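Novice: So you can see what is in the structure, the chains are spelled out below.
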Amino acid sequence: MGKKLIDSGEAVGIIAAQSLGEPGTQMTMRTFHYAGVAEQVPTGLPRLIELVDARREPTQSLTDIYLEDEFVKDKKKNEEVAAALEHVSLSDVCAVTENFAKKELRIKVDTKFAQTKGITVRDIINKIKEVLGKSGKIKSKNDQILLHINATYQKLRRITMKVKSIPLKGIKGLSKATVVYNEKTGEYFIRAGGYNLHDLKKAEHVNFSRVYTNNVREIEKHFGIEAGRNALLKEIRQVMDLQGLTVDVRHIMLLADAMCSRGMIEPVGRHGLSGRKSSVLARAAFEETVKHLVNASIEGEEDPLNGVTENIIIGQTVKLGTGKVRLIMRQ
Amino acid sequence: MSKKKEQFSVFDHVLVPKHEIVPDSEVEAILAELRVESKDRLPKILPTDPCVKALKAKRGDLIRILRKEPTGEAVYYRVVV
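Top to bottom, those sequences are chains A and B.
The opening position of the first sequence corresponds to residue 83 in my numbering, with each subsequent residue numbered one higher.
The opening position of the second sequence corresponds to residue -14 in my numbering, with each subsequent residue numbered one higher.
Chain A with its partners taken away, still in its complex shape (with noise of 0.2 Å):
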């Protein structure tokens, strides 16, 4: 005691909650901000609860990626790799016709749109061969592509499916990736919607160990649980600080140690965190009161009263600050 700026018996935790929780109620209910992109990025509290509640899939995903360190201040190999990766399948510039009575596919090229992604209509009928092998029979004019096929219409429509599905160019799950300055380092960076680390991982002059998304789950199943904590970490801040609300960073250092703590990034709540807490009273207090009452009847559970809650219902003295100290007498 005394070397540490905290005492000992401090109730971090539930300041945590307080610092963390009244500025959440002072937050707007509805923000989006575009940060470069056109995709509606959710700030404010939805993005704190969605944050907090662990999803999975978070309402639209960012994918940031720097270049290796000799192109990261090139402004033009930058535009020409986010062009490289950003995904765009047949159906994106082509319209896919089928015509059963004559088993065909109709394909007609958007020429004009697949221009501006660098795609040629060569490129596109060699894509179809690969995929289809030697199942089609393949006629092109101009912009028109007609498959004739001899099969069955279930067949076709397979077909027709895996035709309109066939990726022409980018990383899976990367949409419009644009190049974005960041003036205090004067470097550039691709900023993408989505995520697909996976993938990205085998793309070329991608700076790997600088990649960073903010789907906090997907950060944590590639770099491990430290990562995912320092990305949670990383986005809560960011939150409150575009929302102007200062918060001490070792409150939400707490709350995302405790998100966590058992090695996988869990929600706080009831499927989470406070479901899973080891007294059943502090259980009970909190959401289902019924339900962990009749289960720890059932089992026969037993409550060490080691908490806060369970103390506070039977109304014992709780072990923190002055309570935490007991007296032992000298023999």
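Among the hints, a few may not be true.
[Claimed, not checked] Derived Cβ-Cβ restraints for the label pairs, each shown as a range:
| hint | chain 1 | residue 1 | chain 2 | residue 2 | range |
| --- | --- | --- | --- | --- | --- |
| 1 | A | G95 | B | A59 | 38 to 44 Å |
| 2 | A | G103 | B | P32 | 34 to 40 Å |
| 3 | A | P249 | B | R20 | 28 to 34 Å |
| 4 | B | K53 | A | N264 | 18 to 24 Å |
| 5 | A | T399 | B | R20 | 17 to 23 Å |
Honestly, the hints are just simulated from the structure, not real lab data.
If you're wondering where the values come from, they're calculated on a predicted model, not measured in any experiment.
Quick reminder that beta carbons are idealized off the backbone N, C-alpha and C, glycines included.
Keeping the supplied structure of chain A fixed, place chain B upon it in accordance with the hints.
Specialist: Then chain B, alone, in the frame of chain A:
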């Protein structure tokens, strides 16, 4: 694919702090310092965690994590479960 990519290790990533396996001889002293009765009262780390895999840590190993926090450097411990 360039050579650099093949050699990528999780520890290269900016968000990943340094992890190391604590030798068995030090474990007791650490538990005493943290005033924890046994290892299973410490925060956990899954054996499937990319960092655990990279370290080739076994179940029950204590992992020392040297974090760079906004408040300075900190040491954190996790047990492989």
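Novice: Does each hint hold? Answer for all of them.
Specialist: How the hints compare with the structure:
1. A:G95 <-> B:A59: 38 to 44 Å: violated (18 Å)
2. A:G103 <-> B:P32: 34 to 40 Å: holds (35 Å)
3. A:P249 <-> B:R20: 28 to 34 Å: The hinted range 28 to 34 Å is violated for A:P249 and B:R20, with Cβ atoms some 55 Å apart.
4. B:K53 <-> A:N264: 18 to 24 Å: Since the Cβ atoms of B:K53 and A:N264 sit about 21 Å apart, the hinted range of 18 to 24 Å holds.
5. A:T399 <-> B:R20: 17 to 23 Å: holds (21 Å)
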